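Q: Sequence:
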Amino acid sequence: MAYAALVSLAQTINLILNYHQNSILIQFKNQIKSIHKNVSFLQAVLPDFPKRPNSLEERIRDLAYKAEDVVEILWSEKIHASASGHSKSKVKQAKEKYDHLHYEFSDLEKVTKEVEAIVKEVRERHKEVVVGLDDESFKIKTLLLRDSRKLEVVPIVGMPGIGKTTLARYVYDDESIKKHFDVRAWVRVSENYNVSEIVSSLRVSMGISEAKNGSSENDRYIVHKYLFGRRYLIVLDDIWSLKAWDDLKEMFPDNRNESRVMFTTRLSAVASYVDASSPAHEMSFMNENFSWDLLRNRIFGDETCPTELESVGRTIATSCSGLPLAIVVISGLLTVDRGKAVDQKIIAAWEKVAKNVKSAISENDRQFDKILALSFTHLPHHLRPLFLYLGGFPEDYEMRVSKLIKLWVSEGFLKPSGPNKSLEEVAEEYLEDLVKRNLVLVTKRKCNGRIKSFSLHDLMREMCIRKALEHNFFLHVRGSLEEGTKIMRRVSIIQSDLDFLYGSTIHTVICLYDRRRGQQCSLGCCRLLRILDLIDAHEYFYKNDESSTSLPEHLFELFHLRYLAFDYPFSIPAAISNLRNLQTLIITSNNHLKPVELPMEIWRLPQLRHLLIVSCVFPIEEGATFALENLQTLYKAVNFDCSEKFLEKIPNVKRMAISYRGDVEKMYEKDYALRNLTCLQTLEDLKIEVCNFPKEQQRLLNPVFPRTLKNLTLSGLGLPWEDFKIVGSLPSLEVLKLRDDACVGEIWETTDGGFCRLELLLIDQSHFKYWMAESTHFPRLKFLLLRHCWDLKEIPTDIGDIPTLELIEVDDCNRSLLGSVKEIQYYLDDIYGNNSVQVRYIKESQSIVDDEQADQMLNDDSNERGRE
Numbered sequence: 001m002a003y004a005a006l007v008s009l010a011q012t013i014n015l016i017l018n019y020h021q022n023s024i025l026i027q028f029k030n031q032i033k034s035i036h037k038n039v040s041f042l043q044a045v046l047p048d049f050p051k052r053p054n055s056l057e058e059r060i061r062d063l064a065y066k067a068e069d070v071v072e073i074l075w076s077e078k079i080h081a082s083a084s085g086h087s088k089s090k091v092k093q094a095k096e097k098y099d100h101l102h103y104e105f106s107d108l109e110k111v112t113k114e115v116e117a118i119v120k121e122v123r124e125r126h127k128e129v130v131v132g133l134d135d136e137s138f139k140i141k142t143l144l145l146r147d148s149r150k151l152e153v154v155p156i157v158g159m160p161g162i163g164k165t166t167l168a169r170y171v172y173d174d175e176s177i178k179k180h181f182d183v184r185a186w187v188r189v190s191e192n193y194n195v196s197e198i199v200s201s202l203r204v205s206m207g208i209s210e211a212k213n214g215s216s217e218n219d220r221y222i223v224h225k226y227l228f229g230r231r232y233l234i235v236l237d238d239i240w241s242l243k244a245w246d247d248l249k250e251m252f253p254d255n256r257n258e259s260r261v262m263f264t265t266r267l268s269a270v271a272s273y274v275d276a277s278s279p280a281h282e283m284s285f286m287n288e289n290f291s292w293d294l295l296r297n298r299i300f301g302d303e304t305c306p307t308e309l310e311s312v313g314r315t316i317a318t319s320c321s322g323l324p325l326a327i328v329v330i331s332g333l334l335t336v337d338r339g340k341a342v343d344q345k346i347i348a349a350w351e352k353v354a355k356n357v358k359s360a361i362s363e364n365d366r367q368f369d370k371i372l373a374l375s376f377t378h379l380p381h382h383l384r385p386l387f388l389y390l391g392g393f394p395e396d397y398e399m400r401v402s403k404l405i406k407l408w409v410s411e412g413f414l415k416p417s418g419p420n421k422s423l424e425e426v427a428e429e430y431l432e433d434l435v436k437r438n439l440v441l442v443t444k445r446k447c448n449g450r451i452k453s454f455s456l457h458d459l460m461r462e463m464c465i466r467k468a469l470e471h472n473f474f475l476h477v478r479g480s481l482e483e484g485t486k487i488m489r490r491v492s493i494i495q496s497d498l499d500f501l502y503g504s505t506i507h508t509v510i511c512l513y514d515r516r517r518g519q520q521c522s523l524g525c526c527r528l529l530r531i532l533d534l535i536d537a538h539e540y541f542y543k544n545d546e547s548s549t550s551l552p553e554h555l556f557e558l559f560h561l562r563y564l565a566f567d568y569p570f571s572i573p574a575a576i577s578n579l580r581n582l583q584t585l586i587i588t589s590n591n592h593l594k595p596v597e598l599p600m601e602i603w604r605l606p607q608l609r610h611l612l613i614v615s616c617v618f619p620i621e622e623g624a625t626f627a628l629e630n631l632q633t634l635y636k637a638v639n640f641d642c643s644e645k646f647l648e649k650i651p652n653v654k655r656m657a658i659s660y661r662g663d664v665e666k667m668y669e670k671d672y673a674l675r676n677l678t679c680l681q682t683l684e685d686l687k688i689e690v691c692n693f694p695k696e697q698q699r700l701l702n703p704v705f706p707r708t709l710k711n712l713t714l715s716g717l718g719l720p721w722e723d724f725k726i727v728g729s730l731p732s733l734e735v736l737k738l739r740d741d742a743c744v745g746e747i748w749e750t751t752d753g754g755f756c757r758l759e760l761l762l763i764d765q766s767h768f769k770y771w772m773a774e775s776t777h778f779p780r781l782k783f784l785l786l787r788h789c790w791d792l793k794e795i796p797t798d799i800g801d802i803p804t805l806e807l808i809e810v811d812d813c814n815r816s817l818l819g820s821v822k823e824i825q826y827y828l829d830d831i832y833g834n835n836s837v838q839v840r841y842i843k844e845s846q847s848i849v850d851d852e853q854a855d856q857m858l859n860d861d862s863n864e865r866g867r868e
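For the record, in the sequence shown the residue sitting at position 562 is 562 according to full-length UniProt numbering, with numbers rising by one throughout.
FYI, nobody ran anything at the bench for these hints, they're computed from the structure.
BS3-like mimics (lysine-lysine), calculated; alpha carbons at most 25 Å apart, straight line:
(1) Lys687 <-> Lys452
(2) Lys670 <-> Lys649
(3) Lys403 <-> Lys687
(4) Lys403 <-> Lys446
(5) Lys249 <-> Lys141
(6) Lys654 <-> Lys725
(7) Lys654 <-> Lys687
(8) Lys452 <-> Lys710
(9) Lys649 <-> Lys636
(10) Lys654 <-> Lys446
(11) Lys421 <-> Lys654
(12) Lys654 <-> Lys415
(13) Lys444 <-> Lys710
(14) Lys141 <-> Lys179
(15) Lys782 <-> Lys687
(16) Lys446 <-> Lys782
(17) Lys243 <-> Lys225
(18) Lys649 <-> Lys687
Derived DEER-like restraints, expressed as beta-carbon distance ranges:
(19) Pro803 <-> Glu310: 50 to 56 Å
(20) Glu250 <-> Pro779: 42 to 48 Å
(21) Arg149 <-> Glu250: 17 to 23 Å
(22) Arg675 <-> Pro803: 32 to 38 Å
(23) Pro803 <-> Pro416: 37 to 43 Å
Computed from a predicted model, the values in this text were never measured in an experiment.
Think of the CB as a built atom: it goes at the ideal place given N, C-alpha and C, for glycine as much as any other residue.
Just need the whole structure built from these sequences, with the hints factored in.
A: Structure representation (structure tokens):
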């Protein structure tokens, strides 16, 4: 984890050197720059370090941690001393620590030059049994035997232990495959491959005699010559890199005779690189029945499982989460004497294993851990901390990408990548890299293909937790803390109190449990805290006195805090200006009617990037000298003033949700200047909702939208349909959601040239009667969702002719509308034979759709959208 520590330290130093009050640190500036130079050097050479973490990397990590702690203490003490005039003794003490550390860093540069070459890692193959592969093997055989004369490549992709090699071997040994190909050869490539050894293995597998004094190039020529004119199948097992394929592909001639190359890999990027035109076969997890069949086969062979063990055996198999390797490993713990009666001792042993299958695997078979750990070992240095971070969340936890990225950025794990790319965009690319490496599982994607949420396979998560502890990276606390446990820089807490927190080195606290009201503890001891996430620790700040609405004073002494999240709409005091490094502020609450009053001092947070509050009043400061230039997210501001001077102070906002409420006396009479939204030239996602405004006043809210918008949600706006053409002209708009009479009038008529990129259209609670449109008016529409459209007579027939259309969904609140949809379905199915468009009817009581459900329509596989 040295890389993450160095990146974080570099960012901290950059903050100090660029701080608008950095004159208070001028006496330490040269020393800080010197450390920054050494840090930059180490970051440059670290990617060449051995893949396996070693003592030198651990030393770099520990020194970077210590340096950052001392620098941050120095920084905060100088701030406090300058503000209060307190004694400078603490500053002097911190500087003494700092000076000593500087010498260690100077020495470290010399040590790094002595780093040894990467040591080749020996990997063992695991014992394999074939169960439940008939369907998957049939797909592979179809690809291998299909009528295509050109040389084709068939990739098999999947996470570690899922059975890629087993499937490939099963197909390779199939009789139909043996008969079809003149030559078959199998070779294992592995992570640290040697081309000469691979070529030699291929020659042996094909039965070619060794040539005397043959060079590597000559051997490759011999293999190529032997394969020329023959119909062959070559299996390359376990490819780890693009270079490996480039080093080998020239040996395989295209004989135009249906020859094939099949390979296995855990990296999707390798599969797409080798042959983008040939779809990879993605391995899926085993279902419960196949899992049990495999476990039973491993233990009992052809014999029947005793009835006394079947129930607990099925439980064990299911707990292995569909991963064949886990089942193979766990079967070694459940061996029984065949032919002998099952006694209580054997049953008790099986039940003990069933209680904690995952820990039983890791404790009793190092081979399993090694196989999973290879994926971590092979990760580039910049991805390791991002992956280990995922182990800090509960089992089966569905992680929203938007939250995770904010945490990664606040941790300081990421380096800028060019002037036009934000840290959030860099983080999203890194997450996609982890997906391509089959280390995380995507659960939802957005309409534009970007990941919305994901999860971690249970066994991969267990490996994450072990590695995090091994590298002193993350402490995962469940229940009480074991005596003698070393507190780490990051703590994830499940079903425990915070009473054990102590020491100034803690940087991250993430609570994932419901704590008891009144059981508070002070965080004042955690002076260097960067992240405090209490969203799931309900009522942590809520005292026994229910009338208390204030946050604890010690919270605003955490000068280095970057991420703060809690779940109650406390008022925010002026002291928030002390949190000069705050990047993310999140406040959730069930009380949507009580907006959080933000103080004027919110403008004094120069690093603020994301402000996510269920409902807030954002202050207007006339003549403010500060601007929130880093602000990307503002959600959700009540009665938000869009005056030009105000919007100029949030120039880089990308996502914004604003709400206008007429429940405050005469508030609806104000001009909120929504016409100035065009000033926001980076805005991509906008939500506007209007509540309790008199209809005659709604025209005061008439907005003009920036052309950069990709997602637009309007609710209760009352915009006339004839004025809606401005929305259709937005060139980048992909998702449009109209709720609660967002538009009013009896007729909506669209024209050519509008909605050129729109993919999803949701209309919910609307009273329009006639919709006049042609297929060319929505050239890219995929999903049309109509809910509570009580008066709409029909859907335009031409909608069915949109070539990209995949789904029409309506509720049963309107018989006339249902009839028109069925007519479209009839013409599509019976007249044109077009089965690609799904039509779905739902009950009105089931037709409430939130934004997430609507977005998910774009992510569902078409095979899962059955027609009722």
